[in-house]
Every structure is written in structure tokens, then in C-alpha cells.
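Engineer: Hey, can you work out the whole structure from these sequences and the hints?
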Amino acid sequence: DAKTTQPNSMESNEEEPVHLPCNHSTISGTDYIHWYRQLPSQGPEYVIHGLTSNVNNRMASLAIAEDRKSSTLILHRATLRDAAVYYCILDAGNNRKLIWGLGTSLAVNP
Amino acid sequence: GAVVSQHPSWVICKSGTSVKIECRSLDFQATTMFWYRQFPKQSLMLMATSNEGSKATYEQGVEKDKFLINHASLTLSTLTVTSAHPEDSSFYICSARTGSNQPQHFGDGTRLSIL
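Going line by line, the protein sequences match chains S and D. Take the first sequence: its position 13, counted from the start at 1, is 13 in the working numbering, and no numbers get skipped. Take the second sequence: its position 28, counted from the start at 1, is 28 in the working numbering, and no numbers get skipped.
The hints are simulated quantities; they were obtained by calculation from the structure and are not laboratory data. Hints should not be assumed to be uniformly reliable.
What the hints assert, rightly or not - Cut-off 30 Å, straight-line C-alpha distance, at most; resulting in silico cross-link-like pairs (DSS-like, lysine-lysine):
#: 1; chain 1: S; residue 1: K69; chain 2: D; residue 2: K41
#: 2; chain 1: S; residue 1: K3; chain 2: D; residue 2: K41
#: 3; chain 1: S; residue 1: K3; chain 2: D; residue 2: K55
#: 4; chain 1: S; residue 1: K3; chain 2: D; residue 2: K64
#: 5; chain 1: D; residue 1: K64; chain 2: D; residue 2: K20
Structural biologist: Dropping the structure here:
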């Protein structure tokens, strides 16, 4: 079962960029890297995902290391609404067990 | 797009009651749906994976006779907690996706409290 490791918590100031790291040294060739975020008492929200190349969408950017053993979620300008727990998980799409770690709790200071 | 509706949002009931939770994909067809459980300050724990028209695949340690999952159509899956007890109190969350390697889209969760 693929696992990821993330820092327990991070802090940022509003309107500054945030780089959230994730290590996944046991990633396999078919694993996609998915990022989700969760606010208290809500279901997670999809943020972004990728396989090998860096990805951009309206919410964030995903930078994937060349060896794919780590990735970084980039929020270009943090807002107070970005304060959440961010999860990085590996998904091979074959319904192999998805393991969610504790994620990174991001605090955004005004 | 990609909206998942989960109902009810919260349930409080007596021990021994069975509770049904519905998960619907409103604007897409979900080939696969997932059911998770989350205890306070903990991460999501996958309970089971279900594909439309097939029996659900339960994770180790999850009793299939206690947590009945039905995925009758491409837009609806239900989780029934049978004879619920206080230890079943938790936050239950469903998700759905259109195909492999696609992201999961989550419902807002159901807070279940068994007295």
C-alpha cells in the first residue's frame, strides 16, 4: 500500500505563496498523485492531481519531482479560505486501498 | 460540476437502530463510489469500495454484515449501519468518481451519533 508523508502543520500569511510538500518514496509507476483539502466537519475537496508533469489549475499548481518520490502543492496567493487540512494521496486507479495520512494543517494569518 | 450529495447531514438515534445514508452523484455517472469513516482529529479511513452493479469490496476489519452497501445505479450508493451502537458514532463520508485515475468527489459527510 502506497503511503505519503507530510508535515503536520504549516503557517502562512495572507496573499503570500504557500508550498506544501509531500514525500512518497514508495510510489509505483501507475500511481497518480492526488491532493485534497478538508475543512472542519466537511468532506474533502479535490484540489489537483498529476502523474509525471507539473499541473496547473484555477486552485493551485502541482510540482512533481523528476523521480516522482516527492511533490509540492503550490498555492500562489494564500487566502483565509485556504486554511484547511491538505492531504496528498497516491491512487493507482485500480481500487487498491487508498491510504490517507494525517495531512498538513495549514493556518493562514491575516 | 462533479457534485456529490450526501444525506442526511447528521443523525442522532438510539442504540440498536439501523441508519441508512445516501450518496448521490448529481451531475455525473459514478462508476466507483467509496465510503469512509473519520474519527475526531484523525484521517479518513476507507471502509469499502463499490462499483455499480457489483458487491462492495470491504477493507480489512470492516464488518460487511454491519455496514451494508448497495450501489444500485451509476448515481446512487447507500450505506446502512445495522443495529448501530455508540462505538459506531463517527463522521461518515462518501465519494464518487467517473473512472480510474480520475479524482474523487466527496459528499459533505454524515455525522452519526448513537446514544
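Engineer: Within 30 Å, alpha carbon to alpha carbon, are D:K64 and D:K20?
Structural biologist: holds, 14 Å
Engineer: With the threshold set at 30 Å, check whether the alpha-carbon distance from S:K3 to D:K55 stays at or below it.
Structural biologist: holds, 27 Å
Engineer: Does S:K3 pair with D:K64 here, judged by a C-alpha cut-off of 30 Å?
Structural biologist: holds, 25 Å
Engineer: Given the hint that S:K69 pairs with D:K41, test it: the Cα-Cα distance must not exceed 30 Å.
Structural biologist: holds, 27 Å
Engineer: CA of S:K3 to CA of D:K41, is that 30 Å or under?
Structural biologist: holds, 19 Å
Of the hints listed earlier, there is not a single one the structure fails to meet.
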